[in-house]
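Student: For chain A, the structure is supplied; the task is to place chain B on it using the hints.
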Amino acid sequence: MKQEYITYTPEQLMDVDSFIAAYLHRDEQFLQAWQNWEAAHPECSPQVEEARSLLRHLAVHEYRVSQQKRDKLWSNIQANLQTKPVAKRRIIPTRWYAVAAASLFIAASLLLWLQVSGQSSITSMAGTHLTHVLPDESQIILNAASQITYRKKQYRNKRDIHLDGEAFFEVTKGAPFIVETDLGSIRVWGTSFNVFARDSIFDVKCYTGKVEVRIPGEDAVMLTPGQQYGYVSGRTAASHTFDPVREEDWRSGQIKVNDQPLRNVFAEIERQYDVTIQFGESTGAKRYTGFYQLNQLDSALYHICWPMQLEFQINGKQITVK
Amino acid sequence: MNVPHPLWLRFKQGDSDAFEQLYQENLDGLLRYGHHFTPQTELIEDVIQELFVDLWQRKANLGDTDSPRKYLCASLRHRLYRTLKKNAKTASEDEIPFDMSWDWEDAPSSEERYAQVESALEQLSHREKEAIYLRYHQGLSYEEIGDIMGVQYQSLRNQVHRAIQKLRTILTIVFMIFLTGMSTNMRPDTL
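Protein sequence lines, in the order shown, are assigned to chains A and B. Residues 1 to 322 in my numbering are what the first sequence lists, from first letter to last. Residues 1001 to 1191 in my numbering are what the second sequence lists, from first letter to last.
In isolation and in its complexed conformation, chain A is listed as follows (with noise of 0.2 Å):
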């Protein structure tokens, strides 16, 4: 129990995960503690009495979860995994021919699959961008940490690209051009345009042509060149406009950042170095307007660290930022 419980208000008692875990979730062990620390300071009685009641009222009645329902769900999951799991607890060794055997039989009957489905999926590493020209010419640069599958037996009806990460578009003329991604899907006939699509974030820079964008349960929004649209889960979606000739972006090294917090801008610089940034919640929160070069890390940690007062320290991988 920390000394300054005394000096808190009822609010910060009632926030306190020990206590949450105590008087809301009747924690056995919790409450005990909670109890032994009430008796030892009688004077803090009224606030602890506040924030219990607080609590109380915060009580709600929750989905009862079933130990069969738990089995259900996770046989249901298990049947739907098409390919089962190669890696076993334990490998005896003796039997390793067994192992082999399994797994190229896995890989074959992976392949068989690939190649009857036609499933072409391309995936750029952590700190190297790649371009993928498809069928009909039409051209896909992935930035880092980015993967697009399409069906290739399919592609020349039906040009339908998924999209995990962030990638600029060139797309010739012909069909429908669709790219779908988890957070909102563009619809194209011939023209260039950049998708972000990661984590919570999703937005579409038009560049050439036109771009028609759907997100789910909104009506759908064309764009001209210059014109930028797109969300952060849980909020509205806003369209902004840039400078489709002038404007550098990541193709050309140049990384923008336009008001985001650090956590983002850290999370960019890990993708395309291929390392991993240490930094307090504090830090990861506070907003970044600037640009810096995708040459060396230090002179781009340099650029991003500098104006927020912070400095970093480079270990091989592994990046503290204070």
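Honestly, the hints are just simulated from the structure, not real lab data. Incorrect hints may have been included.
[Unchecked claim] What follows is a set of in silico ranges between Cβ atoms, one per label pair, in the way DEER data are often shown:
{"id": "1", "chain 1": "B", "residue 1": "Asp1046", "chain 2": "A", "residue 2": "His132", "range": "32 to 42 Å"}
{"id": "2", "chain 1": "B", "residue 1": "Leu1009", "chain 2": "A", "residue 2": "Thr241", "range": "36 to 46 Å"}
{"id": "3", "chain 1": "A", "residue 1": "Trp306", "chain 2": "B", "residue 2": "Asp1099", "range": "45 to 55 Å"}
{"id": "4", "chain 1": "B", "residue 1": "Pro1039", "chain 2": "A", "residue 2": "Ser239", "range": "31 to 41 Å"}
{"id": "5", "chain 1": "A", "residue 1": "Ile6", "chain 2": "B", "residue 2": "Ala1115", "range": "28 to 38 Å"}
{"id": "6", "chain 1": "A", "residue 1": "Ser239", "chain 2": "B", "residue 2": "Asn1061", "range": "25 to 35 Å"}
{"id": "7", "chain 1": "B", "residue 1": "Ser1155", "chain 2": "A", "residue 2": "Gln139", "range": "37 to 47 Å"}
[Unchecked claim] Just a few of them, taken from the derived set where beta-carbon distance is under 8 Å, the chain B residues facing chain A:
{"id": "8", "residue": "Glu1128"}
{"id": "9", "residue": "Met1149"}
{"id": "10", "residue": "Arg1168"}
As the structure is a computational prediction, the values presented were derived from the model and not from experiment. From the three backbone atoms N, C-alpha and C, an ideal C-beta is built for every residue, glycine too.
Tutor: Relative to the frame of chain A, chain B by itself:
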């Protein structure tokens, strides 16, 4: 992002035990969270199954997270929103209600007081309720809740603070009314 969670890293490397552990540790919380958005149990179960299947199949391409639970809650929320919006055709996200059926077994006693507190709590917006729920019932930190709901840490803290403050004021007032009510009722008897 802070240090990636070790269980998450094991899962991403294809450790099926780690995957099962992720499921076992989080399923109850996810099912309960889902039921505040919709009473349709089957729909929630479908979405959760799909979530775990996708998770395993796309594990190699997933980002790192310091809190698997935050990741899973955010993912469930997003998927539920998408499904519910498709079904309801509501225009903005604020219209997806977050239902709290309050359960005060040992809180306010009289019918009247119950109604007053309930109407007070119903003044909270759906998103305020959701933030309160995630903090007090799922035990998540403000930082995690901010990420799940796509809200800035500070504005989220203020939001919850305001909501609790509202509740506190209302409870004080209700309690005062209750006390004065009691004393006026009692006067004839005592005289």
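Student: Please name the hints from earlier in the document that this structure breaks, with their numbers sorted from lowest to highest.
Tutor: Checked against the structure, the only hint that fails is number 8, while the rest are satisfied.
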